[in-house]
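Residue numbers (my numbering), protein chains in the order written: chain A, -12 to 134; chain B, -12 to 134.
Each hint should be verified, as a subset may be incorrect.
Each pair may be met inside one copy or between any two copies, as identical chains are not told apart.
Said to hold, decoys possible - In the BS3-like style, the derived pairs of lysine-lysine whose C-alpha atoms are separated by at most 25 Å in a straight line are: (1) 15 with 106; (2) 71 with 15; (3) 15 with 79; (4) 106 with 79; (5) 69 with 15; (6) 112 with 18; (7) 69 with 108; (8) 112 with 15; (9) 108 with 79; (10) 69 with 106; (11) 69 with 79; (12) 106 with 18; (13) 15 with 108; (14) 79 with 112.
Hint data in this document are derived by calculation from the structure and do not stem from the laboratory.
There are 2 protein chains.
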Amino acid sequence: MTTDEVQAYLYENIPLSRAMGIEVTTAKRQKVVLSIPLEPNINHRETAFGGSMSAAATLACWILLHLRLLEVPGDIRLVIHKNKVVYRSPIKGRFTAVCHLRDEAAWSHFLSMLDRWDKAKIILKSHLEYEGIQAGEFSGSFVALRA
Amino acid sequence: MTTDEVQAYLYENIPLSRAMGIEVTTAKRQKVVLSIPLEPNINHRETAFGGSMSAAATLACWILLHLRLLEVPGDIRLVIHKNKVVYRSPIKGRFTAVCHLRDEAAWSHFLSMLDRWDKAKIILKSHLEYEGIQAGEFSGSFVALRA
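Please construct the entire structure, taking both the sequences and the accompanying hints into account.
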């Protein structure tokens, strides 16, 4: 999938991403970057609403896993099981949500568990950047289930 | 503030709440209940998007704290510091986000810390209900700062 295809898929399947004005700027199997405008995600203090920060961080991880799971045969359902978010500093303008997956050993383990049990869990991290500052950190536990 | 006033405040100050179609059904100092339609919050599996579940749970807690902090003199800034969410079961229709604050001792402690240090932290929980099932749990650490 190209970046444009991921963008279209996102807007079609998760309408809140459109309401949030999320732009997919990088969509690769190693790295996903989303760019998020402040305006639709603003709060009463004119900074980014925590719920928007968390949702953007969730989507960055979800897209990366979705892209990788396209490589795997069969109908696989991907669900989030739990997550933690730390909000470190206020965001006062356009920000990004960045998910890297560098640990290929964790991915291989995930795939072998999925192959063996038709179910596997992986923990993925993402972070929120605003003007070069790491404004928030997200860690999510995602579960894949083969139909 | 009446329920309608809270609703209007929410839509005006946190526009994502309007995009999510959140309806404030109870807004009391002991309990806040929000009702959330599935459609604007749907995901690729036609269940509620985790980011929407988390944002709704955050708002239920935030509104309850906001209402209580209106009773406290001075300009107080309320920010979320961190949160955890557990997603227990898929949500396939309109759902609610419910925040209760029953621990009045914790609230009194929070107020005395705020009075003493102009800064205080409180942990608040909320949950997501769908057809009588507890579909998710949220726990957030909120910080109040007096200007």
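Tested hints:
Proximity of residue 15 to residue 106 under the C-alpha cut-off of 25 Å is restricted to the intra-copy arrangement: shortest distance 24 Å within a copy versus 42 Å between copies. When the C-alpha separation of residue 71 and residue 15 is checked against a cutoff of 25 Å, the pair qualifies only within one copy, where the shortest distance is 24 Å, while the shortest distance between copies is 27 Å. Neither within a single protomer nor between protomers do residue 15 and residue 79 lie at most 25 Å apart by alpha-carbon distance, with minima of 27 Å and 31 Å respectively. In this assembly of identical chains, the alpha carbons of residue 106 and residue 79 lie at most 25 Å apart only when taken from different copies (22 Å versus 40 Å within one copy).
In this assembly of identical chains, the alpha carbons of residue 69 and residue 15 lie at most 25 Å apart only when taken from the same copy (24 Å versus 29 Å across copies). Only within a single protomer do residue 112 and residue 18 lie at most 25 Å apart by alpha-carbon distance; the minimum there is 11 Å, versus 33 Å between protomers. Taking CA atoms no more than 25 Å apart as the test, residue 69 paired with residue 108 passes in both settings, with 11 Å inside one copy and 23 Å between copies. In this assembly of identical chains, the alpha carbons of residue 112 and residue 15 lie at most 25 Å apart only when taken from the same copy (15 Å versus 36 Å across copies).
When the C-alpha separation of residue 108 and residue 79 is checked against a cutoff of 25 Å, the pair qualifies only between copies, where the shortest distance is 23 Å, while the shortest distance within a copy is 35 Å. Taking the shortest Cα distances, residue 69 and residue 106 sit within 25 Å of each other inside one copy (16 Å), while across copies they are farther apart (29 Å). In this homomeric assembly, residue 69 and residue 79 come within 25 Å of each other (Cα to Cα) only across copies, at 18 Å, whereas the closest approach inside a single copy is 27 Å. For the homomeric pair residue 106 and residue 18, the shortest alpha-carbon distance inside one copy (24 Å) is at most 25 Å, but the shortest distance between copies (38 Å) is not.
In this assembly of identical chains, residue 15 and residue 108 lie within 25 Å of each other by CA distance solely inside one copy; the values are 21 Å within and 39 Å between copies. Taking the closest pair of Cα atoms, residue 79 and residue 112 come within 25 Å of each other only inside a single copy of the chain (23 Å); across copies the shortest separation is 27 Å, beyond that limit.
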